[in-house]
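Undergrad: As given, the protein sequences belong to chains D and A, one line each in that order.
One point on numbering: in this note's numbering, the residue at position 105 of the first sequence is 105, and numbering is uninterrupted.
One point on numbering: in this note's numbering, the residue at position 30 of the second sequence is 30, and numbering is uninterrupted.
Treat the hints with care, as some may be off.
[Unchecked claim] So the derived list for chain D, only partly shown, Cβ under 10 angstroms to chain A, looks like this: (1) ASN7; (2) THR23; (3) LEU35; (4) ILE157; (5) TRP160; (6) ASN161.
[Unchecked claim] Every beta carbon over 10 angstroms from chain D, so not counted as near; a handful from chain A, in silico: (7) GLN69; (8) LYS146; (9) PHE153.
[Claimed, not checked] Okay, the calculated beta carbon distance ranges per label pair: (10) ASN98(A) to GLN196(D): 57 to 67 angstroms; (11) LYS184(D) to PHE409(A): 34 to 44 angstroms; (12) PHE436(A) to GLN196(D): 52 to 62 angstroms; (13) LEU10(D) to ARG267(A): 28 to 38 angstroms.
Derived by calculation from the structure, the hints in this document are not laboratory data.
Predicted model only: the values in this text are computed from it and were never measured.
Ideal placement from N, C-alpha and C gives every residue a C-beta, glycine not left out.
Letter by letter, the chains look like this.
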Amino acid sequence: MSQFLKNGLLFALFATVGYIALTVVWGSVMPYNFLRPNLNYRMGSYGHMFSRIQEAEKAKKVDVLVMGSSHAYRGFDPRIFEAAGIDLFNLGSSSQTPLQSKVLLEKYLDSIGAETVILEVYPALFGSDGVESTLDLIANTPVDCSTLELVAEVNNIKTWNTFIYGVVMECIGKREGFEEDAQKKDDLYISNGYVQKELSYFDGKMKDSFSLAEFNPDQFHYFEETLHLLKKRETEVLLIFAPITQKLYNSFDQIDDFEARMGDYKVPYYNFNERLELEDTIHFYDGHHLNQRGVEIFNQAVIELLKK
Amino acid sequence: MLFNSIDFAIFLPIVFVIYWFVLQGRLRLQNLLIVVASYVFYGWWDPRFLALIVFSTVVDYFIGLSMAQSQRAGLRKLLLWVSLGVNLGLLGFFKYYNFFLENFQAAFSFLGYEMSASSLQVVLPVGISFYTFQTLSYSIDIYRGKLEPRRDFIAFSAFVSFFPQLVAGPIERASNLLPQFQYPRSFNYSLAVDGLRQILWGLFKKVVIADNCAIIANYMFAHSAEMEGSGLLLGAIFFAFQIYGDFSGYSDIAIGVARLFGFQLMRNFAFPYFSRDIAEFWRRWHISLSTWFRDYLYIPLGGSRGGTGMKVRNTFIIFVVSGFWHGANWTFIIWGLLNALYFLPLLLSENNRRHIEIVARDRKWPTIRESALMLNTFILTVLAWIFFRADSLSHALEYLSGIFSRSFFRWPDFELIESMATSSLLLVFFLIVEWFGRKGQYGLDRIGSSWPRAYRWGFYVFVIFLIGMYLPSKTTPFIYFQF
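Whole structure, please, built from the sequences with the hints as guidance.
TA: Take a look at the structure:
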């Protein structure tokens, strides 16, 4: 039995080292997204998270910090807020769920020091497992203990493999030499976390709809923890359901349930799908996201709200 | 509890440590631990199912004792019928009630009578077909005088509920497994290491091969109406590997786990896709079920002792019953019938025992003839699997007619090309390992046995790495749990 235990431990050690080595080799040799389904490390990926985090690390104090998904980083334009005398930083990331919002806030709230935090809330992300957003953060934020915590919370083989690869990339200094282009196809990165899409219009064809089967209770738990954290710091909080196309909005049949849950938190909650009258084919560039014309209208309405 | 779940990854080491470190040398307590662990393992799905297994255990325990004590042949027969009635009754109710009801209704309706009876929402208890057959073998063997009944209720309960093979086999014979609960067990290093190796290979087969092939197979069967014939054939081939990886993977894990606790279970798969004819295939596929039917149905029916007519009749009965055992659906019955038809020419020409040893036993590679025979057998099984996998008979026929259409000569156009490329490369690796490991009990059994330890371990780490890299995000239940 002692031989079994001794060899078992030795093999575990050997396997750990071997697994890490193979992950690094596999990730370096295999082309992105082919033959490595459970290793998805892409620095400077879609959404400009790398540039946003670099700015966040050096950011001065701002008035408003926005957290949320692509609806946030493509929906809150800091230039419009600046013109109204409001300093805003956008810390949204692709498919950011309440879990990632919480981790990012814990990491950057002190340095950004916003008086008001806008939490962009999107029902589908309360049903998400958070894998996609975690992969984005591993590749585009400095890997540290909070990243490990996040990976452990999500606990998915994809995030673990990507984390292992990310740690090694961090150790060999691959992040330091990387520079992300501000312009990527028709996306332009604007200082303070915004991504502006070249003006285009929604053609009415939906790639997806709200096919949410059920909410994930864990995400509500993280959301409550975030609210608790902000309350403890006496930060003002606004919950905003940013505009999406009516076509998408109407396909979601759990909206009443979601509204009721948001109402329970006793924090100001605004559903801009009900407050604004926007046209799918004029104010959006796809089923989810406002184009710059829509952003102008939406942001003016938010400014009005903030000034009140 | 699924073998490929985090729950089981925590459960197994806990039971292992208590079993060997706390209870070593205390046989009754070790057996009791197995019973408790097995009930936890089984109750993880639904604690209500435990009532059935406890009921089945108690009934067969007392029937076994009463049969052995009775000198009257009539009473012994009656007791056997009670055991058969209880076990098959439970199986029949939970598995076949709705099937028979629907078919009676359809038959009456065809004759012009409307029969009003509503089907029940019966939840099929996991693994009922497996443990029912295992306890039946106990009662039948005692009736035949081949086995002495066990007085130790804990040992008997452990035999019925032994968690590694409880829900999907191998279906053990009482004469093999039960005595292993009676004698003290001491830790055997080689057996445990071999068990871990077999678990590793089983896990690879399940989560890498079966679950990745399932993506393609599920897509093809779901979109069969709009798919080219070539794509449909690919879907059926991927299903063939899915079901093999899934079921033999489960068996490998079950046998490996049992070895960790000092038990030897019977072999359930012996590289069936390297078979040169369908008779060999059936000696290598789901061996514990095939031999169960041979011992408890085929031989009592007369086996091969009678004339050609009786042999043919018995063969058809075995295959049809085997198909029906898999599920209450006509697709399984046709699958069984089709295999009987494949078997028939071999039986009539008395060539059904031509290939006993594994192919190319003393050579590295097969001859061209052997390769052609293996390919032929594989294609036959793939065509039969279509009935097994299809939702209904009409779906299976539509699928088959799609394959045998002109569109067979067009390149399949579907969105999973990348997944298919990945799965195909994984299959190549899998088949290479299985081929070079075919003389062992399972793929990894002998691979690297003569290599230096670092190389051998390096190979195992590579297999672990492939599991980590190709494990699907969501765990998928084993196909055979539904049976």
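Undergrad: If a hint holds in the structure, say so; if it does not, say that too.
TA: Hints, verified against the model:
no., hint, result
1, ASN7, "holds (8 angstroms)"
2, THR23, "holds (7 angstroms)"
3, LEU35, "holds (6 angstroms)"
4, ILE157, "holds (5 angstroms)"
5, TRP160, "holds (8 angstroms)"
6, ASN161, "holds (6 angstroms)"
7, GLN69, "holds (42 angstroms)"
8, LYS146, "holds (36 angstroms)"
9, PHE153, "holds (30 angstroms)"
10, ASN98(A) to GLN196(D): 57 to 67 angstroms, "holds (59 angstroms)"
11, LYS184(D) to PHE409(A): 34 to 44 angstroms, "holds (43 angstroms)"
12, PHE436(A) to GLN196(D): 52 to 62 angstroms, "holds (58 angstroms)"
13, LEU10(D) to ARG267(A): 28 to 38 angstroms, "holds (30 angstroms)"
Taken one by one, the earlier hints all hold for this structure without exception.
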